[in-house]
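J.: Modelling step: build the complete structure from the supplied sequences, incorporating the hints.
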Amino acid sequence: MTDPPAAPRDSLLHVEDLRTRFHTDAGTVTAVDGISFDLDDGETVCLVGESGSGKTVAAESLTRLIDDPPGEIVSGTVRFDGRDLATASEAELRAVRGDRIAHVFQNPQRALNPVYSVGWQLLEAIQLHDDVSKADARARAIDLLDRVGIPDPATRIDDYPHELSGGMQQRVAIAMALAGEPDLLVADEPTTALDVTIQSQVLRLLESIQSASGLGLLLVTHDLGVVAEVADRVVVMYDGTVMERGSVHDVFERPSHPYTRALLDAIPGRDVDLTPTAARDVADRDPSSATDSTTGCRFRSRCPHAVDACREGDQPPLHPTPDATTSAPDGARAHVAACVHFGPDGDPDVVVDSAKSADSGASADESAGGDRR
Amino acid sequence: MLPGDRSGDAGPSALASRSRRSFLHLLGLSGATAVAGCSSSQGDGTSDETHYVDGTSTGTQTLNFLSVNDTPSANRIQLVLDGAYAITPEQEIFPLWADISTDEGRVYTVELRDGLEWGADYGSMTAEDWVYMITEVFQADSNWANYPTPGEWQRAGEPIPVEKTGRRTFEVRLPEPDPAFPLRPVLWGAFCMPKGLIEQYRPAEDQEGLAQDEAVQTLAYAGNLGPYTFERWERGSSFVATRNEEYYLREVDDVPDEWQNAPYFDSYTYRVVPEESTRLSALRSGELTATDLPASRVEQFEGLDDVAVKVFPQAYMTSLIYNQRANGSFYEALRKPAVRRALAHAVDKRQIVEDVRRGYATVAHTFQPTFSKWYADEAVRELGVGETYSHERARELLRDNLDGTPYRYEGDRVVDDADEPVTLDLVFAQGSQPIQTIAELVAQEYDAVGIDVELTGKQYGSIVEQHLYNSWQGDGDPPWDAGPYNGGPRDQSVSSRPWDLILGITFNTYPRTPTSIRGFSVRRGGTNFYGYHPETDFASLFETASSTVDEAERRAALAEVFGALSVEQPFNFLHMGVEIVGYDSAIRGPEETFGYSWDRNTWRLDGA
Amino acid sequence: MGLKWYTARRVAWAGVAAFVILTVTFVLLDYAPDPELARIQFRAAATGADAETAAEAYAERRGLTGPLWERYLEYLGNLATGDWGWSDTRSQPVLTAILTALPYSLMYTVPAVALSTVLGIAIGLYSAFNQYTTTDYAATFVAFFGVSIPNFWFGIVLLLLFAVQLGWVPVLFDAELARTRPLSLANARQLVLPVFVLGTSAIASTMRYARAEALEYVRAAFVKAARAKGASEWRILTRHVLRPTLVPLSTILVGDLLGIILSASYLVEVVFGIPGLGRLSLEAIRRQDTALVLGTTLVPVLVAVLGNLLQDLAYALLDPRIDYGDR
Amino acid sequence: MIGAEDSPGTGTDDSQPADGGEPPSERFEDVDWASIDADGGGRSPLRLAALVAAGSYGLAVASDRLVAGGDPTIDVAFGGVAFVWDATAVDWLFVATLSVLVFALVPLARNRRLVAYYWRRFRRHRPAVLSLAYLLVIFLLGTVGTLFLDPPALDVAAAYQPPVFLSVDASIPTECVGPVVEGRCQGTWRYPLGTTADGKGLLALAIFGMRVSMQVGLIATLISITIATAVGATAAYAGGWIDEALMRYVDIQQTFPTFFLFLFLAYLYGGSLFVLIVIFGVTGWGGIARIVRSEALQRSEETYVAAARSAGASGPFVVWRHVVPNVSNSIVTAATLNIPVLILSEAALSFIGLGNVTLPSWGQTIAAGRGDLATAWWVSTVPGLFLFATILAFNFLGDALRDALDPRQEVGR
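Residue numbers (numbering that gives the first Met the number 0), protein chains in the order written: chain L, 0 to 372; chain U, 0 to 607; chain F, 0 to 326; chain S, 0 to 412.
None of these hints come from the bench; they were simulated from the model. Please note: incorrect hints may appear among the correct ones.
As the list claims (entries may be wrong) - Covered, in the sense of this in silico footprint (three residues per stretch, anywhere, with C-beta under 8 Å from a C-beta of chain U), are these stretches of chain F: (1) 127–140; (2) 158–164; (3) 171–185; (4) 191–205.
As the list claims (entries may be wrong) - In silico lysine to any residue, SDA-like type, Cα no more than 25 Å apart, as pairs: (5) 372(U) x 100(U); (6) 133(L) x 310(F); (7) 335(U) x 410(U); (8) 3(F) x 248(S); (9) 309(U) x 373(S); (10) 372(U) x 175(U); (11) 194(U) x 204(U); (12) 133(L) x 116(L); (13) 133(L) x 318(F); (14) 335(U) x 381(U); (15) 3(F) x 161(L); (16) 194(U) x 260(U); (17) 133(L) x 19(F); (18) 309(U) x 170(S); (19) 163(U) x 150(U); (20) 3(F) x 251(S); (21) 335(U) x 424(U); (22) 133(L) x 234(F); (23) 163(U) x 135(U); (24) 3(F) x 242(S); (25) 3(F) x 244(S); (26) 163(U) x 94(U); (27) 309(U) x 374(S); (28) 3(F) x 373(S); (29) 3(F) x 309(F); (30) 309(U) x 331(S); (31) 3(F) x 310(F); (32) 133(L) x 309(F).
The structure presented is a predicted model; accordingly, all values stated were derived computationally and were not measured. Virtual Cβ for every residue (Gly too), placed ideally from N, Cα, C.
T.: Structural data, given as structure tokens:
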């Protein structure tokens with residue numbers, strides 16, 4: 000990898016060249032193909048991508064939650080607080096899961112076991128990592144429910160999941176994630192399954208928790224509106240690889256990779272969901288590409304700027320974008336894009352200019368501002 | 000599971016093996032108690048006690064002998080109640096409770112022993128008890144006790160007069176002389192209940208009350224009347240009787256010593272084990288003292304040191320029965336004795352005995368076993384063995400004798416008047432592997448003489464209802480009717496389903512009272528379901544044989560009967576069966592004779 | 000409230016079902032041939048006695064006189080007063096016969112059900128968690144072994160091996176021992192083989208359901224959530240997957256096992272000579288003991304009703320989502 | 000579908016392979032089972048073929064029953080191999096069953112993509128593939144093979160011959176066909192698997208047993224699933240009192256002692272294979288009907304059924320055209336698992352002593368030879384092994400089919 004080397008200072012989570020495969024009847028699928036990113040204490044990083052881009056697999060690969068078999072982490076490091084989770088034993092991982100790294104899943108209704116009460120499941124989460132008495136655990140559970148905004152927590156704790164509304168369920172799921180006082184919260188589409196009105200409540204809850212406890216938040220989403228609202232930094236994924244990475248400001252204001260640009264362009268006003276359908280409209284990718292042993296850029300077949308060079312080698316490495324130096328000095332946090340046009344021999348203007356001509360308004364101006372090198 | 004066609008337990012083919020009061024026949028005459036017993040040393044922990052454990056396939060239904068009509072129940076009751084007298088293999092009376100004597104063969108005097116005591120405070124057994132039992136139960140007009148065979152105590156529809164002649168003697172006055180009366184299952188082995196017990200139910204004719212009476216259910220009235228005392232009866236599982244310390248024979252001096260000290264086991268148990276292979280396993284493991292063996296396993300058990308195999312002659316005959324009633328598909332031919340003889344040439348009896356029965360059976364040629372004292376070797380014609388087993392000969396005889404019937408040979412197959420090949424329906428009783436094999440063998444043999452045979456296996460009850468029962472199909476009333484098995488003349492009284500051949504219904508040959516086969520061999524016989532019309536005047540021959548006191552005359556008459564039967568072949572006599580029992584090898588006592596179980600109380604364990 | 004009403008309806012329906020089954024059985028019995036009667040008549044005919052008289056005496060003794068409907072009404076009347084009738088082939092009240100046989104049946108069916116349930120669920124879960132692996136196939140084979148082998152053949156072979164050759168267990172079932180000392184080691188020894196034979200034959204169906212249910216949960220989000228909480232695999236298996244699996248499993252346990260046991264018990268009881276319900280009803284049918292046939296026909300109906308109720312209760316207990324109000 | 004939308008475990012993830020693992024838009028349930036009545040007229044060639052087949056079948060049955068009478072139905076000799084087939088009622092039923100199977104498979108087979116898809120899913124289960132191969136062999140031997148073989152013949156002189164390469168104490172067989180070495184009778188190639196108590200070759204018995212097993216399993220199951228589908232789908236579609244009545248009837252039927260019914264019918268009509276099959280078929284559908292009903296209930300909720308209904312389609316049409324095809328996967332699985340139960344039941348009835356003892360079925364042979372296990376163990380063990388393997392194979396097959404056909408278990412692998 001020609002990627003910038005590891006961050007000079009130790010970040011909370013440092014993912015490098017993570018590769019996860021699934022073995023299927025039809026062959027091996029590399030769902031996550033060498034992604035790298037960093038996350039610091041108190042920071043919010045969004046993994047963005049359309050359905051099937053491998054973002055969930057990436058999030059679940061951190062603590063090896065993927066089903067193994069058929070899934071398998073074939074290479075890469077997941078350095079969390081100085082330890083490499085990718086090679087850690089199952090016991091070590093169990094100690095980390097829930098205690099240091101907690102997960103919130105997409106569909107709270109499914110993530111809660113239907114046959115146990117909310118309290119039972121909360122207590123389980125607490126007692127798995129803390130040797131506390133049942134009474135203490137219960138008190139803490141009620142406190143947690145209170146923190147996530149469940150009214151009358153002392154009563155609701157004995158409710159069964161099906162007796163709660165979707166929003167409440169997700170709050171319970173978040174409470175459960177917080178039970179171990181984690182350093183990192185991985186939230187996988189936490190709002191997707193919820194009503195629009197509830198979505199923002201839950202998002203605000205996550206934000207307030209984060210600001211109160213200073214934990215790191217890795218948010219997996221396809222909702223660019225959410226990203227714009229909460230993210231510090233953004234990792235854009237397509238087909239298992241990182242297409243572009245940078246601060247939310249850089250990526251939204253100066254999208255560099257043609258894919259990112261296409262994503263943002265497809266959305267008037269930029270705050271609408273990038274639904275899977277919309278994503279397909281944008282990408283309209285060949286569904287067979289996933290199993291192809293990829294050569295060249297994965298986006299090239301749909302890319303308006305594809306050139307012969309896109310066909311060769313592997314996915315292009317992440318090249319610093321022209322604005323990289325201005326936004327963040329160090330490599331890991333730099334604004335980078337995996338596109339030949341940003342490489343040493345490329346000309347970013349090919350992408351940016353065309354965008355300029357096609358686009359109108361603010362983005363064109365901003366792109367224009369960044370296209371000098 | 001029904002264990003084959005042996006007579007010991009209620010097998011599908013054992014139908015005829017039980018005549019009325021059949022359990023007595025079986026016990027005494029045919030020696031067919033499921034396993035008559037003996038003893039063995041199954042210690043329950045206490046080593047000096049001996050226990051006899053008899054494995055049977057079927058449990059008992061009741062201990063009320065008035066309802067008993069099955070061998071298993073009778074076997075159990077006999078442990079506790081001796082019965083009037085026994086008959087030795089030499090056909091001599093062996094007095095138990097009573098002795099029986101006569102001058103002319105018409106009036107019989109029964110004398111009870113002294114010292115016979117009922118249990119349950121019913122006092123001593125007296126002639127009063129017997130006369131009451133006979134007149135108020137066996138002969139009761141209404142048959143209120145539903146005694147299965149009230150006909151035993153009747154002659155020509157009238158009760159046999161019975162009269163008390165003393166405290167312990169009574170007389171039975173037959174209307175006609177019958178020298179074989181003591182050998183008939185009337186008084187032989189007869190049981191009795193105390194008058195005091197029956198009196199409670201007689202006035203109200205309360206059969207149910209009697210059957211459910213505690214004393215009847217547990218044989219509590221048995222007192223000192225049997226070698227064992229009822230201990231417990233676990234239905235469907237076991238029947239246990241323990242040695243009766245009060246047994247009356249101890250005080251009697253006119254019996255051999257071994258009877259005085261009988262029995263030689265502290266307990267006698269019947270264990271019900273329905274599955275044959277499990278029973279045999281238990282015999283091997285020593286958990287059973289005795290149980291029946293199938294012929295195919297004899298050699299294996301003979302090789303075992305701790306099992307002794309004994310083979311007992313039996314009175315049951317396996318025959319291939321021809322349908323001569325009008326609903327057979329070959330009846331016109333089967334009505335001709337010559338045709339029946341021809342067919343007898345086609346079946347190899349030796350192979351059946353040697354290969355199917357594995358040598359454990361004897362070839363039969365007439366309605367009597369060769370061991371019977373009445374068997375007439377010189378009069379009997381042998382068919383289906385040696386030179387008389389020949390497919391060519393059978394074919395020849397058949398060809399010659401099909402004239403006058405709608406059948407003839409077309410090439411080498413027998414065809415009917417529509418030129419269709421003749422196919423005979425052979426119905427056999429399911430549940431016995433040998434019977435099935437014989438059926439298939441018969442089909443093979445018939446095929447060889449040009450007749451197709453189609454096999455159908457049926458449950459015993461179905462065969463009886465569908466093929467044996469026959470009833471008048473003509474207009475108006477039948478000219479005569481001899482019961483469900485012979486509903487009238489053979490042209491109009493037919494069974495509900497057609498058939499041609501039946502296999503697996505075995506017949507008792509009554510070697511001691513051979514005149515009892517009358518019902519099988521005369522036109523109006525009660526069991527002549529196959530529609531046989533004898534050409535010989537059997538009726539008068541039987542008349543002579545049963546009433547004469549001159550043994551030579553009886554022998555001559557019976558010789559004529561057996562000779563004529565072997566010639567007329569009302570059905571194809573195939574073979575006589577045997578009973579094979581595997582005993583604990585330490586058992587001493589069982590003799591390999593007919594009627595071997597009469598002295599089972601004297602059997603003992605070697606060394607005990 | 001909901002549950003009560005539901006229960007009441009269930010019981011009422013069971014009554015109707017029992018009535019229908021009884022009626023059909025009664026009528027069929029009346030038309031079926033009676034080998035016992037046939038024997039008696041033949042016996043009478045063979046010796047020249049009147050076969051009709053013998054048949055009448057028999058019918059009288061067995062209570063078979065009078066028109067069918069009259070006898071049936073009488074039977075129902077007695078039944079209503081708790082009198083199940085008198086078994087002629089056993090000389091005891093039908094209820095006594097059933098109550099005597101029942102403990103023997105329970106003695107081996109209960110351990111067998113326990114064995115098959117535990118093994119079935121264990122293998123089912125294992126198989127679900129290890130789908131398409133060689134050990135999955137091996138475990139599945141173990142589960143299918145018992146159901147694939149004819150019970151009676153297996154029983155006989157086991158008896159030959161363990162009782163005759165090795166002498167580890169007795170060949171014969173000692174009912175007296177089982178009745179007087181049901182909890183003794185000796186009783187356990189004689190029950191080992193029947194329990195094993197019946198138990199293994201019932202594993203497959205439990206295993207199949209457990210596996211199908213577990214497969215639905217193995218990849219469920221809540222399992223992943225539990226894993227994310229740091230729960231161990233064992234905990235996930237026993238707490239998170241097993242529990243929801245048990246819910247639908249309880250429905251099949253009663254029905255299927257009842258079926259397997261009622262039909263397999265004929266074979267097992269005959270081979271091992273256990274005087275239980277299976278043999279009781281088999282012999283009753285064979286010997287045309289009307290009252291006993293009807294009685295033994297009622298038993299599975301009652302067991303099914305009871306079982307269904309228990310199963311509903313278990314369901315309610317295991318799955319908080321169940322509401323009986325609308326069922 | 001279970002699981003999170005984006006999880007690889009659920010098969011909906013677009014990153015999963017699509018050219019193979021992705022189900023085609025069509026599913027098993029969508030196969031045009033009912034193409035015969037699809038578009039009215041007789042234009043469909045399949046429909047025509049079915050009509051022709053049904054017609055010739057009817058003619059053939061009639062001619063066999065009315066004209067041929069007791070003669071063999073077919074009596075040809077080619078190249079020294081006599082081909083005699085005297086069809087029985089069961090044979091005719093069997094032919095009908097096989098034809099139905101063929102016509103059911105044709106629409107499926109025509110959709111190669113679908114077949115390929117299910118085959119890929121199915122073949123993951125290796126024991127099931129082996130089972131399928133084994134069952135095909137059994138099936139072919141039993142159906143085609145038995146036409147060219149003589150039925151097992153009685154030869155009482157050759158009873159209890161041991162299988163080839165094995166030997167047994169010479170006292171066991173009636174007469175030893177092979178050489179007797181040191182008092183032990185050696186098996187011969189004349190009876191490769193040994194003989195029974197009446198000297199029938201076990202190889203021949205085993206092969207004829209295959210036919211009986213297939214007949215029992217397939218015919219009775221076809222009868223069962225036909226009734227079960229009709230009842231289950233009707234109950235689900237009609238609902239209300241019809242549903243209640245049908246399901247309550249199923250309750251009663253399932254509690255009723257079938258064994259007793261068999262005993263009774265065996266008396267009336269004899270314990271023939273035909274009676275056995277009909278009883279199994281007519282009484283054994285309760286469980287499948289329940290499955291069909293509950294599946295159909297779920298499917299009935301779906302929009303296409305409502306749409307068809309609101310479009311004015313008649314009740315039976317909706318059931319046949321929309322509900323039934325959509326539960327066909329459950330039916331196939333249930334049917335596969337029903338077959339071994341029936342084959343075992345036949346064996347159990349043989350043990351109890353019911354059924355036709357002259358039938359060369361595995362069950363009868365096992366039951367008849369069980370008393371000989373201590374001496375001539377092969378008599379009941381040889382058919383026992385065939386039975387065992389067959390039941391096992393059907394069970395593996397059934398489970399694999401369930402996994403392959405059940406859309407809920409689309410684990411994306």
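J.: Hint by hint, note whether the structure agrees.
T.: A quick look at each hint next to the structure:
1. 127–140: With 0 residues closer than 8 Å to chain U, the segment 127–140 of chain F misses the three-residue bar; violated.
2. 158–164: holds (count 4)
3. 171–185: n = 5 at 8 Å, threshold three: holds.
4. 191–205: With 0 residues in contact (Cβ-Cβ under 8 Å with chain U), the coverage given for the segment 191–205 of chain F is violated.
5. 372(U) x 100(U): Within the cut-off at roughly 22 Å; holds.
6. 133(L) x 310(F): Distance ~31 Å between residue 133(L) and residue 310(F) Cα, so the pair is violated.
7. 335(U) x 410(U): holds (22 Å)
8. 3(F) x 248(S): With Cα atoms ~24 Å apart, residue 3(F) and residue 248(S) stay inside 25 Å; holds.
9. 309(U) x 373(S): holds (20 Å)
10. 372(U) x 175(U): holds (24 Å)
11. 194(U) x 204(U): holds (14 Å)
12. 133(L) x 116(L): holds (15 Å)
13. 133(L) x 318(F): Given that 25 Å is the threshold and the Cα spacing comes to 23 Å, the pair holds.
14. 335(U) x 381(U): Satisfied, since the Cα-Cα distance of roughly 18 Å is no more than 25 Å.
15. 3(F) x 161(L): Given that 25 Å is the threshold and the Cα spacing comes to 23 Å, the pair holds.
16. 194(U) x 260(U): violated (29 Å)
17. 133(L) x 19(F): violated (54 Å)
18. 309(U) x 170(S): holds (18 Å)
19. 163(U) x 150(U): Measuring from Cα to Cα gives roughly 21 Å; hence the hint holds.
20. 3(F) x 251(S): Distance ~23 Å between residue 3(F) and residue 251(S) Cα, so the pair holds.
21. 335(U) x 424(U): holds (19 Å)
22. 133(L) x 234(F): holds (18 Å)
23. 163(U) x 135(U): holds (14 Å)
24. 3(F) x 242(S): holds (23 Å)
25. 3(F) x 244(S): Measuring from Cα to Cα gives roughly 22 Å; hence the hint holds.
26. 163(U) x 94(U): holds (19 Å)
27. 309(U) x 374(S): holds (20 Å)
28. 3(F) x 373(S): This hinted pair is violated, its Cα atoms lying about 57 Å apart.
29. 3(F) x 309(F): holds (13 Å)
30. 309(U) x 331(S): violated (57 Å)
31. 3(F) x 310(F): holds (14 Å)
32. 133(L) x 309(F): violated (31 Å)
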